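Enquirer: Residue-level listing of the chains:
There are 2 protein chains.
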Amino acid sequence: MKKNISVLTDITAANTLLANGLRETFSEHHLLVLNVISASGAGKTTLLEETIEALGDEMSLAVIEGDPYTTIDSDRIEAAGVEAVQINTMGGCHLEANMIQKAIQQLDLTAFDLVIIENVGNLVCPSGWDLGEECKVVIAPITDGDDKPLKYPMAFQSAQAMVISKIDLEPYTRSQASVMAANALQINPELEIMPVSAYTGAGMEAWLAWIRRQVAKHKLKDK
Amino acid sequence: MKKNISVLTDITAANTLLANGLRETFSEHHLLVLNVISASGAGKTTLLEETIEALGDEMSLAVIEGDPYTTIDSDRIEAAGVEAVQINTMGGCHLEANMIQKAIQQLDLTAFDLVIIENVGNLVCPSGWDLGEECKVVIAPITDGDDKPLKYPMAFQSAQAMVISKIDLEPYTRSQASVMAANALQINPELEIMPVSAYTGAGMEAWLAWIRRQVAKHKLKDK
Chain A
1 MKKNISVLTD
11 ITAANTLLAN
21 GLRETFSEHH
31 LLVLNVISAS
41 GAGKTTLLEE
51 TIEALGDEMS
61 LAVIEGDPYT
71 TIDSDRIEAA
81 GVEAVQINTM
91 GGCHLEANMI
101 QKAIQQLDLT
111 AFDLVIIENV
121 GNLVCPSGWD
131 LGEECKVVIA
141 PITDGDDKPL
151 KYPMAFQSAQ
161 AMVISKIDLE
171 PYTRSQASVM
181 AANALQINPE
191 LEIMPVSAYT
201 GAGMEAWLAW
211 IRRQVAKHKL
221 KDK
Chain B
224 MKKNISVLTD
234 ITAANTLLAN
244 GLRETFSEHH
254 LLVLNVISAS
264 GAGKTTLLEE
274 TIEALGDEMS
284 LAVIEGDPYT
294 TIDSDRIEAA
304 GVEAVQINTM
314 GGCHLEANMI
324 QKAIQQLDLT
334 AFDLVIIENV
344 GNLVCPSGWD
354 LGEECKVVIA
364 PITDGDDKPL
374 KYPMAFQSAQ
384 AMVISKIDLE
394 PYTRSQASVM
404 AANALQINPE
414 LEIMPVSAYT
424 GAGMEAWLAW
434 IRRQVAKHKL
444 KDK
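Residue numbers (the numbering used here), protein chains in the order written: chain A, 1 to 223; chain B, 224 to 446.
Mixed in with the good hints, there may be bad ones.
What the hints assert, rightly or not - Derived Cβ-Cβ restraints for the label pairs, each shown as a range:
#1 B:GLN329 / A:ARG174: 48 to 54 Å
#2 A:HIS30 / B:GLN324: 52 to 58 Å
#3 B:GLY244 / A:GLU53: 53 to 59 Å
#4 A:ARG213 / B:ASN243: 39 to 45 Å
#5 B:ALA302 / A:ASP10: 40 to 46 Å
Bear in mind the hints are in silico, worked out from the structure with no lab data behind them.
Here the structure is a predicted model, which means the values were calculated and not measured.
Heads up, the beta-carbon is just placed ideally off N, CA and C, and yes, glycines get one too.
Put together the whole structure using the sequences plus the hints.
Expert: Set out below in structure tokens:
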């Protein structure tokens with residue numbers, strides 16, 4: 001076990017170095033990059049489809065898709081009308097900065113205001129890997145139970161924003177969005193929390209407004 | 224990356240050796256061990272609470288709980304009335320055989336018919352780690368989307384049984400249990416698939432009958 005841990009530390013240190021370089025590159029291109037993290041099946045791709053539909057006319061955006069094997073998600077994103085780069089980790093449980101470095105070679109960075117990275121569906125591993133993003137966003141469905149931030153604190157600690165997804169299903173569960181939010185704030189008092197249903201559209205405006213604010217803040221910072 | 228992969232191979236090979244030893248020990252004690260795998264928030268603990276309630280009188284069972292940090296789940300299992308051993312991985316994304324070896328030192332193996340290991344909530348990493356179990360069981364909530372077996376095939380490939388959980392919520396989603404089952408069978412044609420709602424009790428009898436069959440089969444095999 002000791003050997004395992006020390007190797008892992010070396011790898012994440014190298015990853016952070018590379019991620020810092022990516023962050024500089026993104027900043028030079030006035031590009032906001034979000035790293036979206038959640039368990040598998042939290043509704044990341046559906047949220048992104050609706051986000052693209054809503055913001056596609058007012059800003060230029062691209063998506064980098066991380067998946068173990070398939071192109072199901074990047075096919076959906078391309079069908080929604082924006083450029084998508086697929087990274088298949090071949091079973092790997094998270095994205096790393098070197099994968100992002102390769103992926104952005106397929107994008108003209110000067111052409112975009114916003115790049116959203118959809119990480120591999122996993123609430124544990126991706127939190128520890130910096131991808132050069134400006135913000136991490138954690139997505140937690142209300143159907144997963146309102147205790148999730150307490151049980152899997154890593155993603156909630158490292159994120160700046162949290163979307164409580166699938167809130168249209170809240171009445172049919174034993175969980176409450178308000179309790180989930182309180183639990184998340186206990187882990188990270190700075191979290192901006194937005195309950196959203198990508199299906200009904202409830203809460204979407206707050207989420208879109210948050211993205212608009214980040215893009216604007218980022219452009220200002222670059223000047 | 225190459226270095227990372229070779230170290231990982233060495234570690235999983237050592238893990239498999241240890242797991243094979245554990246399997247022999249379990250077999251000597253006529254003990255059925257199940258390794259339950261799912262994403263975080265799939266309803267593993269709720270399913271186990273109901274399973275304990277239903278089977279507690281007819282067999283003797285214990286639970287080994289894997290969680291990143293908290294004892295929330297083992298507290299719930301103990302409240303349900305059976306012995307629970309907590310393993311906290313301190314952020315680690317899966318259980319390993321050496322952790323099970325330590326955990327069973329706290330159990331009198333001669334006293335049980337069935338030990339259920341509840342793995343860390345993660346649909347990716349736990350699949351690759353043998354814990355000495357007789358069967359892996361994968362839990363996939365219908366609310367996570369019926370495409371999950373195609374997108375995260377590892378857990379479905381390595382399992383002998385699959386519970387489609389939260390089927391009481393099926394009418395409120397865009398997913399169908401029949402489609403999820405067909406997708407899972409595409410990945411693993413041998414899977415025994417059981418749609419269950421631990422809240423309403425729908426499908427619980429099939430799940431309990433499956434466990435009873437495994438326990439009986441295992442006892443027979445030992446003779």
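Enquirer: Evaluate each hint against the coordinates.
Expert: Structure-based check of all given hints:
At roughly 31 Å, the beta-carbon separation of GLN329 of chain B and ARG174 of chain A lies outside the given 48 to 54 Å, and the hint is violated. Between HIS30 of chain A and GLN324 of chain B the C-beta distance comes to about 54 Å, which sits within the given range of 52 to 58 Å. Take GLY244 of chain B and GLU53 of chain A: their Cβ atoms lie about 55 Å apart, and the range 53 to 59 Å holds. Checked against the given bound of 39 to 45 Å, the beta carbons of ARG213 of chain A and ASN243 of chain B, roughly 55 Å apart, lie outside it.
The hint said 40 to 46 Å for the Cβ distance between ALA302 of chain B and ASP10 of chain A, and at roughly 42 Å that hint holds.
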